[in-house]
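Undergrad: Taken in sequence, the protein lines are chains Z and D. Per my numbering, the very first residue in the first sequence carries number 1; after that it's consecutive. Per my numbering, the very first residue in the second sequence carries number 1001; after that it's consecutive.
I should point out that these hints are in silico values taken from the structure, not numbers from a laboratory. It is possible that some hints are incorrect.
To be verified - With a straight-line cut-off of 27 Å between C-alpha atoms, the simulated DSSO-like cross-links for lysine-lysine are: (1) 160/Z <-> 1156/D; (2) 233/Z <-> 51/Z; (3) 158/Z <-> 1028/D; (4) 247/Z <-> 1114/D; (5) 247/Z <-> 9/Z; (6) 1094/D <-> 1028/D; (7) 1003/D <-> 1203/D; (8) 1094/D <-> 166/Z; (9) 1149/D <-> 158/Z; (10) 158/Z <-> 1003/D; (11) 1103/D <-> 160/Z; (12) 9/Z <-> 166/Z; (13) 166/Z <-> 1149/D; (14) 158/Z <-> 1091/D; (15) 160/Z <-> 1078/D; (16) 141/Z <-> 1078/D; (17) 1114/D <-> 158/Z; (18) 213/Z <-> 51/Z; (19) 160/Z <-> 1094/D; (20) 247/Z <-> 1094/D; (21) 166/Z <-> 1091/D; (22) 1078/D <-> 247/Z; (23) 158/Z <-> 1094/D; (24) 1164/D <-> 1028/D; (25) 166/Z <-> 1202/D; (26) 160/Z <-> 1114/D; (27) 1202/D <-> 1003/D; (28) 1164/D <-> 158/Z.
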Amino acid sequence: MKGYTSKGKWHVTISIALTICIYMILSWVVGDEIILPTVRSIIENIVDIGKGPSFLRILGSSLYRSLWGFTISFLLAIVLAIISGVYGPIYYLISPTIKFLNSVPIIAIILLALIWLNSEMVPMFVGFVMVFPILFETVLKSIVNIDSNLMEMARVYKVKNFYIIKDIYMPSIYMGLMNILPSSIGLNLKMVISGEVLSQPKYAIGSNLQLQKMYLNTSGVFAWIVIILILGKVLEYLMRGLMRWIKLEK
Amino acid sequence: MDKIREINKSFGKLDVLVNVSIDFPHGKTTCILGPSGCGKTTLLNIISGLWAEDSGNIYGFQGDIAYVFQEDRLIPWKNIEDNLRFVLRGKINKMEMDNIIDKYLKLVSLEEYKRYYPSQLSGGMRQRINILRAFIYPSNLIIMDEPFKSLDINTKQVLIDFCKFLREIYEKTCIIVTHDIDEAILLGHRIVILTDKPTTVKKIIEIEEQDNWIRLRTEIEREFTA
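So that you can see chain Z by itself, here it is in the shape it has in the complex (with noise of 0.2 Å):
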């Protein structure tokens, strides 16, 4: 398993490498800095951003609107998820507003958002509407497939509500959101700074995204883009910390 692990990194680590020589080539043969800007000048582009005297503060900002939306989301969906396993009724009752969610195009959602909300709150919400259904429903699927044999076990032997709570329901909890959280957390990110490209609130990835984009300068779009998936796999990466330090603690 460690040998293909690691194999599996080295192949990770070829595939970027060729993936950028691809794109250097290409570049190369169009040759114009608008369409294709070349690798240089997007690691330029990095650099003066980074300089920037607003970069951390639009990091942070970013980031703030990112964690504070997928807090209340994973919140909320471990709190709706559990009432709606135990309450069938509840379940009946969030669930239209689940299957609205999913079916509805996200951009109609943004819209209204910009409608109804100011402009730091629309990223939040934008995430939220995202990321809410994919984990109520993972949290709520682990509930449902809580095996009834442990549940009928646990009766039988007249448990405690809370220790079924803390040792049947968390744990099962927990193994499901397992693998979707680290990549919800990214996935949140991608649409706190979606929404923020529509709402330009004043220090944000996205309004500065925009921002290059009207000035026609793609390196600079580039170089945000760059930037944004380094952000996204710090996050998965520190989630899945989080996850696995979880589970060292239980």
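Following the hints, position chain D against chain Z.
TA: Showing chain D alone in chain Z's frame:
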């Protein structure tokens, strides 16, 4: 003595239990022997309070009841020690709980497995933990629902001996449901033979230590298959 009198239970138009009356002497093992699907588990669920009877009376059965299921029903993400802890929490204090778990795991030579997870143990070992869990649970009554059903003959014998060993230490009232005559003779002080559906009590046999095993088996087999 715990007892049930004139218990009736039906599901829709299907009569499952009809006027079932059985005594369960304290500290003794009563084996309920009946053909598959005759309603033995229904009877156990009524005794343990999981289901309500349609009519009849239940006397005794005070306090908590321990249950040995057909499947081990161990929590997969908890090790053996924590699985035992799970049913004891809130009923006895932590120090007593640690002592009981250590003492009895040692007594049944399973102490080296206390940090093992269920998936790391064989089916027979898991069933031993299932049985041990029921015996260390603070209750006077243990109900066992075909606890050796899906085990091979060698493992079954080991577990029957294991059960007898624990019974000698604890002196608890046991109710064992089975359709295996040998299991019933090996474990029971009394054997209650049930008919097929609609289920009634066909015969109750008291087993004495000096009983001739072959004669006893022949008698039960005759009643059971008649």
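Undergrad: Does each hint fit the structure? Answer for all of them.
TA: So, going through the hints one by one against the coordinates:
1. 160/Z <-> 1156/D: At roughly 33 Å apart (the allowed maximum being 27 Å), residue 1156/D and residue 160/Z break the hint.
2. 233/Z <-> 51/Z: Distance of about 22 Å is within 27 Å: holds.
3. 158/Z <-> 1028/D: holds, 24 Å
4. 247/Z <-> 1114/D: Satisfied, since the Cα-Cα distance of roughly 19 Å is no more than 27 Å.
5. 247/Z <-> 9/Z: holds, 24 Å
6. 1094/D <-> 1028/D: The given pair, whose Cα atoms are some 30 Å apart, is violated under the 27 Å limit.
7. 1003/D <-> 1203/D: holds, 16 Å
8. 1094/D <-> 166/Z: With Cα atoms ~17 Å apart, residue 1094/D and residue 166/Z stay inside 27 Å; holds.
9. 1149/D <-> 158/Z: holds, 25 Å
10. 158/Z <-> 1003/D: Holds, at about 22 Å.
11. 1103/D <-> 160/Z: holds, 25 Å
12. 9/Z <-> 166/Z: violated, 36 Å
13. 166/Z <-> 1149/D: Judged against 27 Å, a Cα distance of about 32 Å means the pair is violated.
14. 158/Z <-> 1091/D: holds, 10 Å
15. 160/Z <-> 1078/D: Measuring from Cα to Cα gives roughly 17 Å; hence the hint holds.
16. 141/Z <-> 1078/D: holds, 21 Å
17. 1114/D <-> 158/Z: holds, 23 Å
18. 213/Z <-> 51/Z: Within the cut-off at roughly 20 Å; holds.
19. 160/Z <-> 1094/D: With Cα atoms ~15 Å apart, residue 160/Z and residue 1094/D stay inside 27 Å; holds.
20. 247/Z <-> 1094/D: holds, 23 Å
21. 166/Z <-> 1091/D: holds, 17 Å
22. 1078/D <-> 247/Z: holds, 12 Å
23. 158/Z <-> 1094/D: holds, 17 Å
24. 1164/D <-> 1028/D: Distance ~11 Å between residue 1164/D and residue 1028/D Cα, so the pair holds.
25. 166/Z <-> 1202/D: Measuring from Cα to Cα gives roughly 46 Å; hence the hint is violated.
26. 160/Z <-> 1114/D: Measuring from Cα to Cα gives roughly 23 Å; hence the hint holds.
27. 1202/D <-> 1003/D: holds, 17 Å
28. 1164/D <-> 158/Z: Answer holds: residue 1164/D to residue 158/Z is near 25 Å, not above 27 Å.
The structure is inconsistent with the numbered hints 1, 6, 12, 13, 25, although it conforms to all the rest.
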